[in-house]
Amino acid sequence: MLMKTIYLFACLWGITLSARAGTGDTITVQGHNSVVIKTDPSVGETYYTAWSTFPADTTHYRKVLAYLTFECAPGLSCGEWDYLNHIYIGKKGGINGDSLGYEMGRFITPYGFYWNSNDNWKHGWWLDITDWSYLLHDSLQIVYKHTGYESNADRGWKINLKYYVIEGSPVRDFKKMDTLWQGIFQYGNPANNIESKLDARNIVLDAATATAKLWIMQTGHGNDKPGGCGEFCAKNRFVKWDNTTINTRNIWRECGFNPLFPQAGTWILDRANWCPGQTVQPDWIEIPGLSGNTAHTIDIDMQPYTGTQDFGNMFFATYLFEYGAPNAQTDVSLETIISPNTDYEYNRLNPICGRPVIRIKNNGAQPLTALDVEYGLAGQPKAIYHWTGNLPFAQYADITLANAVQYLVTTDATFEVELKNPNGATDEYTYDNKTSSILKPTPVLPAAFVVEFKTNKANKENSYKFIDAQTGQIVHQKSNTSFPAKNTVYRDTVILQKNSCYIFEFSDEGTPLSGGFDINKDGLYFWLWDRLAQDPANQPHISIIDNTAGALQIKELGTNANLRDFTQTTTTAKGAAISGADFGTKIIYQFSTNSTNLSHENRNGGQAEIKVYPVPSANGHFTINYHIPDNKAAMMEVRDISGRLLYEGMLSGIGGVRDIDLSRFSKGIYLLRIVTQGESISKKLVIQ
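As numbered in mature numbering (1 follows the signal peptide of the UniProt record, and there is no 0), residues -21 to -1, 1 to 667 make up the sequence shown, in order.
These are computed hints drawn from the structure, not numbers from a lab. This structure is a prediction, so every number in the text was calculated from the model and none was measured. The reader is advised that the hints may include incorrect statements.
[Claimed, not checked] DSBU-like mimics (lysine-lysine), calculated; alpha carbons at most 35 Å apart, straight line:
1) Lys124 to Lys71
2) Lys124 to Lys17
3) Lys101 to Lys154
4) Lys646 to Lys553
5) Lys457 to Lys565
6) Lys17 to Lys101
7) Lys17 to Lys137
8) Lys101 to Lys70
9) Lys361 to Lys413
10) Lys204 to Lys71
11) Lys124 to Lys219
12) Lys590 to Lys565
13) Lys565 to Lys419
14) Lys124 to Lys154
15) Lys204 to Lys176
16) Lys124 to Lys141
17) Lys399 to Lys465
18) Lys477 to Lys457
19) Lys419 to Lys399
20) Lys465 to Lys590
21) Lys176 to Lys214
22) Lys565 to Lys17
23) Lys465 to Lys204
24) Lys154 to Lys17
25) Lys137 to Lys101
26) Lys176 to Lys155
27) Lys662 to Lys204
28) Lys457 to Lys646
29) Lys192 to Lys70
30) Lys141 to Lys101
31) Lys192 to Lys137
32) Lys646 to Lys565
33) Lys71 to Lys176
34) Lys399 to Lys413
35) Lys70 to Lys124
36) Lys465 to Lys361
37) Lys465 to Lys436
[As the list claims (entries may be wrong)] Distance ranges between label pairs, derived from CB positions:
38) Pro283 to Thr390: 23 to 29 Å
39) Tyr27 to Ile264: 48 to 54 Å
40) Tyr27 to Val594: 54 to 60 Å
Backbone N, C-alpha and C fix where the C-beta goes; we use that ideal spot for every residue, glycine too.
Let the hints inform the model, and build the full structure from the sequences given.
Have a look at this one:
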């Protein structure tokens, strides 16, 4: 996962970005500057180089991050396909210097054909490249490799790549780097076994090495038979140190909660350690307790697998970074504030009115077992959260703090966090102990409303719940058994506490359909199912897929006005229609409630309104959503076409929902009538 340190920015804590930086300050280095990248379909790859000037090697680094931004190339559409992009360290020391060719970053382009340059579409991603600090000095060539075979006439990307160098004492001192497995290795071909490429390596540690980090960048590509390897198969990788397995990892990444959504392609499908429109996070495997000048064997094995044709590949970049012992016994850093946060990476989890979440890292030799977290809005009294745990050196932890943020804010506010008293002692390095983020106001809803949910064919995949954001308690929920019928509208009246904060979580992770396309986490609509359904060769399996779009709205009691439409369709400047129902795994939506049960204080006036669902009804069950002005008394009645009275009752309150059961009556047309003082409204009810 991406570890962004927000203390990089000049606006936080008075830091100024300049070349004359001191401990804890940040130096900005420009890399690729508004470079247009396109494919070369004749060879499938293009290279773009840029020279950058980093600080001299007398400058010590605490951390280095790269920030990569993508936007549509001027006058063109964005790129269409999910292509591999690589960031390499090229030449060091000028044009006559050695060409190193170390891969320090990898990115997969999004399916971007929804957008063109008129959309002003732009997003950015952070990469932690601190391990490469020993090379990031003086004049350095960075090579950006863009792959792919799509047309380069009408599409392309514009990229920017900047580096943020935080000056300070390193967590541990670099000693040596060993280059290990590099390349593209077939996986599943018995005539070209991947284990012949992933051979055991013998290394001798530097004399001063005390710890080491194995750095592995691995992604699977291709779609073989029968298993879909290497892109669509989840296989295990085993790392051995001196013939002992020290790490087992399933090479897989879930993509349905991607912050870049929806995309114009199969973005929801999980893949072998990558997702379209995201960076590839390398695996960092710590090897502690080493002695210098010792010989060791390191090996990687993949889970045995045999394909039959169209063999896929595993793309490897692997290095062993050797370090000394940690420079501090007690040292913790605040890596980022996950929420509240306005960064695109965390857009699925923000904005919030509930409990903040932060990420910390233990940089000290001693396990981190206790920590005080001071937090709150700038200029206001701070709360203190006492964390306990057992966090080893170089490991990360996400912490949910105890108190909700101030959710009554109506404008942007600054949220501040500072770490104190690690293990009850003084932190030996305090420059990375505090940061801040922007708290955006959350949406405000009435305390009572209606959830209107239309199922698609995969009705068993869906459930939802409302969570008290302060206590974490579920206060209202519907399981996937609550929606027994396909392509059916369900209405649920929800009554919450006024002036409170809640989390609405809608899930598409339930029981998937059985059959040829056994998949969930595909939102309430996914364009591919429509495409597949048009091909008779995909029958009969495709007939079970949820290719009919579902819908999800929060509506006002009485008026049935949309308060929040999660599945509405929008149109890009390019003219592409984007469905909000294509959300992937789930929706997380935090909101606060106001002091009324209506979206506005003054909803009393106006005319009586009534809406009926569904029309027609297959089983004689109807839901009536009504609004009665000025709290007038109202009578409701149902008659058949001959005028015979079948049902009557009274309605009370300004608005509400009433269920009517006419299942005992035969198919046909019936008349619903609501009568208030001086007003009458009629609606047809149809039983099919």
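Contradicted hints - numbers only: 3, 4, 10, 17, 24, 27, 32, 36, 38 and 39
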